[in-house]
Amino acid sequence: KAMELWEDLMVNAEVKKPCHQLVLRTLSEKLQKSKELSIFEGGAGGGAILREAMAVPEIVAEIDKIHSYYYTDISLSLIKMGRKWLRENAPSGFPDRTTFKVVDLDKMEIGTEAYTQPESLDMIILEHVLYDVTDLHKTLTLFRQTLKPDGMLIFTMAYRQSPKYFFPFEFLQSSFQSY
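Residue numbering for the sequence shown is 1 to 179, as defined by this note's numbering.
No lab work stands behind these hints: they were computed from the structure.
Don't take every hint at face value.
Straight-line alpha carbon distances no greater than 25 Å define the calculated DSS-like cross-link-like pairs of lysine-lysine that follow [unchecked claim]:
| # | residue 1 | residue 2 |
| --- | --- | --- |
| 1 | Lys101 | Lys84 |
| 2 | Lys101 | Lys30 |
| 3 | Lys84 | Lys65 |
| 4 | Lys30 | Lys16 |
| 5 | Lys138 | Lys80 |
| 6 | Lys107 | Lys30 |
| 7 | Lys17 | Lys84 |
| 8 | Lys65 | Lys101 |
| 9 | Lys17 | Lys80 |
| 10 | Lys65 | Lys138 |
| 11 | Lys35 | Lys17 |
| 12 | Lys17 | Lys30 |
| 13 | Lys65 | Lys35 |
| 14 | Lys33 | Lys65 |
| 15 | Lys138 | Lys148 |
| 16 | Lys107 | Lys148 |
| 17 | Lys33 | Lys84 |
| 18 | Lys101 | Lys16 |
| 19 | Lys16 | Lys84 |
| 20 | Lys138 | Lys33 |
| 21 | Lys107 | Lys65 |
| 22 | Lys138 | Lys84 |
| 23 | Lys101 | Lys138 |
| 24 | Lys148 | Lys35 |
| 25 | Lys80 | Lys101 |
Cβ pair distances, simulated, as ranges [stated by the list, open to error]:
| # | residue 1 | residue 2 | range |
| --- | --- | --- | --- |
| 26 | Leu5 | Lys65 | 18 to 24 Å |
| 27 | Gln32 | Gly111 | 19 to 25 Å |
| 28 | Ala61 | Thr134 | 23 to 29 Å |
Every residue, glycine too, gets a C-beta built ideally from N, C-alpha and C.
Work the whole structure out from these sequences, hints included.
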C-alpha cells in the first residue's frame, strides 16, 4: 500500500503537472529537431515523466529517435516500479533501449559510465531532484561535461508555498529513500 500511495503522489499529483508539462514540451521539441537522442534522467522515481510522455502522441511518434534512455534513481524499489510500468505500457523496443540503474548523483564521476562520458548526452532530465544533491556545483559541472554542445539540461524544482502543499511529498520521499 505504501508504494501505491507513493506512486499516486509522485505520478498523479496535480502540483507536479506543470513541471511534467515543461519537461515534455522540451522533450517533444528536441525529438522533432534530432535524428537520435541519448537521454539521462536522474531521480526518475516511479517514471512520472515517461508515463506522461507515453500519453503524448507527438512524443510516441518520435520515440524511436531515442537510442538510449538512462533511467536512474537512488531507490531500487522505485526503479523496479518504473521498469514494470514501462515494459507493460511503452511502445515495443523502447524498454530495450532503456537502461535502469541505481545512481547516486553525488557519487557520479566523469567517464565511469556510458552516461558520464564527455559530450555523450543530448538531454539530462532532473525533475524535483536537485535539492537532494549535496554538492550542487560538482554535480552540475559533471552534467555540463556530459552534455553535447547542443545538449539540454532540464530541471524543475518544487514550488514551496505553504507546508500543506509540499510537506506530504517531502515526508513520503524521505520515508521511502535512504541516504
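For each hint, the structure was consulted:
1. Lys101 x Lys84: Status holds; Cα separation ~14 Å.
2. Lys101 x Lys30: 24 Å, holds
3. Lys84 x Lys65: Distance ~22 Å between Lys84 and Lys65 Cα, so the pair holds.
4. Lys30 x Lys16: 22 Å, holds
5. Lys138 x Lys80: 28 Å, violated
6. Lys107 x Lys30: 28 Å, violated
7. Lys17 x Lys84: 22 Å, holds
8. Lys65 x Lys101: 21 Å, holds
9. Lys17 x Lys80: 23 Å, holds
10. Lys65 x Lys138: 30 Å, violated
11. Lys35 x Lys17: 28 Å, violated
12. Lys17 x Lys30: Holds. Lys17 to Lys30 sits at ~20 Å (cutoff 25 Å).
13. Lys65 x Lys35: 6 Å, holds
14. Lys33 x Lys65: It holds: about 10 Å lies between the C-alpha atoms, which stays within 25 Å.
15. Lys138 x Lys148: Roughly 18 Å between the alpha carbons, so the hint for Lys138 and Lys148 holds.
16. Lys107 x Lys148: 21 Å, holds
17. Lys33 x Lys84: 30 Å, violated
18. Lys101 x Lys16: Given that 25 Å is the threshold and the Cα spacing comes to 24 Å, the pair holds.
19. Lys16 x Lys84: Roughly 22 Å separates the two Cα atoms, so the pair holds.
20. Lys138 x Lys33: With Cα atoms ~30 Å apart, Lys138 and Lys33 exceed 25 Å; violated.
21. Lys107 x Lys65: Given that 25 Å is the threshold and the Cα spacing comes to 29 Å, the pair is violated.
22. Lys138 x Lys84: Given that 25 Å is the threshold and the Cα spacing comes to 32 Å, the pair is violated.
23. Lys101 x Lys138: 21 Å, holds
24. Lys148 x Lys35: 14 Å, holds
25. Lys80 x Lys101: 10 Å, holds
26. Leu5 x Lys65: 18 to 24 Å: With a Cβ separation near 35 Å, Leu5 and Lys65 fall outside 18 to 24 Å, so the hint is violated.
27. Gln32 x Gly111: 19 to 25 Å: Given a distance of about 31 Å, which is not inside 19 to 25 Å, the answer is violated.
28. Ala61 x Thr134: 23 to 29 Å: 39 Å, violated
The structure is inconsistent with the numbered hints 5, 6, 10, 11, 17, 20, 21, 22, 26, 27 and 28, although it conforms to all the rest.
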